[in-house]
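Student: For the protein sequence lines, the chains are C and W, in the order given. Everything in the first sequence is counted per the numbering used here, starting at 1 for the first residue and increasing by one. Everything in the second sequence is counted per the numbering used here, starting at 296 for the first residue and increasing by one.
Bear in mind the hints are in silico, worked out from the structure with no lab data behind them. It is possible that part of the hints are untrue.
To be verified - One side only, chain W facing chain C, incomplete, derived with CB under 10 Å:
(1) PRO321
(2) PHE323
(3) LEU327
(4) ALA514
(5) GLN567
(6) ALA633
Here a beta-carbon is modelled for each residue, glycine too, at the ideal position from N, C-alpha and C.
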Amino acid sequence: MSSTVTTQASKSPPRPQAPVGPRLIRWGVTLIILIPFIWGALGLEISPGRIARAPELVWNIVSAMFPPDWSILGRSMDKMLESLYIAWVATIIGAMFSFVFGFLAATNMAPRWIATPIRALLSAIRAFPELVLAIMLIPAFGLGAFTGTLALGLHSIGTLGKLTSEVIEGIDEGPLEAMKSAGGTKLSTIRFGVLPQAMPNILAYWLYRFEINVRASAVLGIIGAGGIGADLFSFLKFRDFPQAGMTLLVVMVTVLLIDGVSGAVRRRIISGEPGKGPVSKLMGLVRTPRPAPQQ
Amino acid sequence: MTGPAEITTFEITPSERPAPPPRSGPFFVVVLLIGLGFGVGGIISGGAGVVWGLTGGVLAATALRWRGQSSHPVDALAVVFASALGLGWSGWALGERGSSVEGTTALLAAVGWLLPGAAIGFVVWRHSRRLRLASVLVSAVGWALAAFFVFLWAEGLGAVESLSRTAVQAGEIVELTGTFYATTGFFIALIGAGVTFALLVGSPALVAVAGSITFTLFAASQIGFSLIKVTSEIDKLNILAQEFWPPEWTWPNLTGQPAENQILEPMVETMQIAVVGATVGCLIALPLAFLASKMTTFNLPTFWGSRFFMNVIRAIPDLFYAMIFVSAVGFGSPFAGALAMIMFSLGIMAKLLSETVDGIEPGPLEASRATGARHSQVVQYSAMPQVLPNYVAYALYIFELNIRASVVIGIVGAGGIGRLLDEQRVFFQWDRVMAIVIVIWVSVILIEAVSVTVRRRLV
């Protein structure tokens, strides 16, 4: 009995030929990636010799930066704080305006003849990189943190507006219909139908934008628009590597810290679980816990 | 058997009827009223702190009573007395200031606001079953903190600008205006009462909002960003129209000859930098992402190590990479730009992809492990197919980001169109800058449109 099974297995038909389609696709994809890459690499004066030497050169710089010059720690922290302030105010500007624009750009909230131009405006703003915006604002507002804040804020309006409108478009229409049928006004529909659904995601996007703005504002100083970027730029220019190392270290630690805290808060907002964070703990000190719901 | 179900009716006897809810206005109106109270008090007082506190206290007590938070005259008396005393101190501390309201002065003046904060917190606590006594302390500290930051803000802001700056610089003691007392009083009370009532309603979110407003005021003052400044500077926007328009599309190069394609050629270089950066970065990110996900990593040390590496790479902004590589491999070299873009793409892709790998179906991985597959085979045949569509979509997205990032890296000397931008910027050739900006803007929009269409087809 068992021997027949084995013979049957060994007599199985020959393996079918692999189909050609997937292989063609694989080759096609490889070419689609490879051809632009080669075109790009040819234009950039990249030779094998340069690539081989690059790690050594970069390592030279990095090892010159460490140990960093601790004497400028205070100065770097001051400048980093300025960058943080810029990022914060820019995020608030972006959040406030994008909140309104987000509603106006959402097709389920505003009529099409309003939503379409607002969308176009938002993507037009978004297409300017922050630094380019800052450069364009300098002739009017001069060098300094004010210009940088405006530029970052404007760019944030563009990105946050798009994200907000997408969140609003993705909400469940059911509660809205219920509210309309109960005679709710447009405003109360928004307050009790849209906001409870959309707000956690919008808030998470605001925090996410703050993380991005911290990085962007650290860079703004390069063109003189305030913050720590100016320091790093001049230290590297004058080849003061230990000081540049300190500046870089301060930026890295700050960004890592803010990413960590903001990421934790975002997860907490999105998951909607009861909090165990410091704010909730403080609340527990101050208030007696809510009584359990009666069955 | 009984007949058809009887229809029973329930009648609510008067004794069972629930008690009507206590009379109460919406709490944010109360918060606003308290804020207005201290604002109006500031105008009336003209610098006399006791008057400031008395007016604010009376209005606050009225608002609290309206909300149904205070039913006893002792409550009202406590609020009025504490406000008068606290703000009397605060006004004295502000009046005694030497050259300006800074650190210590603000701190001294803020201490006075502990009293109204505590009194209002006390009244709210007395009428709430859920609040603990500690809420009085938190309320007081909230008011004082708000006061500290608002005073600092008002100093950096134009609220003191109506004073003569020269007198301040000369070190004279100048009297603060009613505007100063009104603005600061309004904001302090608004934020403070916001904290107190947030405790009452039990919403951490409201505490967070009050904290954010305070921090925003403070941050704005530190970078000289105020509403007054925005409104006074906004007319300067028409300078932009004069300076930037019309764009100048061609200009003579260093040899004095009108150059051909002088904007387009660097733009092409920018795209080349972006392509190379995105391709190499995304390729290197592939193994890193699998190592940095709990699903597919070897062991815990590898996992934490690669995650740390990933986060550190992401912590450095793209232009900082560009600056470092420019000092390493030479100024004006697009090679430095490509290296910077590689690091930039690597950080983002590793992060996005490792999060996707975290969310994949574990079944196929277990199945291939059960057949005795090696680790690399498990990843290749069970994990990879699950994330491939996302990987391609992310790669396109990163290419978009790279275009945006690589137009500016030239500013620090890393090649591409940014170099051109910087050359014209430092000589204030704004009409040429405009031409460059238009080219950048159009290419970014075009590439985004194409990439979004392709991504939609893919995922």
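Student: Minimum Cβ distance from W:PHE323 to chain C below 10 Å?
Tutor: With Cβ-Cβ at 13 Å, over 10 Å, it is violated.
Student: Could you check if W:PRO321 really has its C-beta closer than 10 Å to a C-beta on chain C?
Tutor: violated (13 Å)
Student: Given a cut of 10 Å on the nearest C-beta pair, is the interface hint for W:LEU327 held or broken against chain C?
Tutor: Hint violated; W:LEU327 Cβ to chain C Cβ min 18 Å, cut 10 Å.
Student: Is the shortest C-beta separation between W:ALA633 and chain C less than 10 Å?
Tutor: Result: holds, 5 Å to nearest chain C Cβ.
Student: With a cut-off of 10 Å on the beta carbons, see whether W:ALA514 makes it to chain C.
Tutor: holds (4 Å)
Student: Holds or violated: W:GLN567 as interface residue toward chain C, Cβ cutoff 10 Å?
Tutor: holds (4 Å)
Of the numbered hints listed earlier, those contradicted by the structure are 1, 2 and 3.
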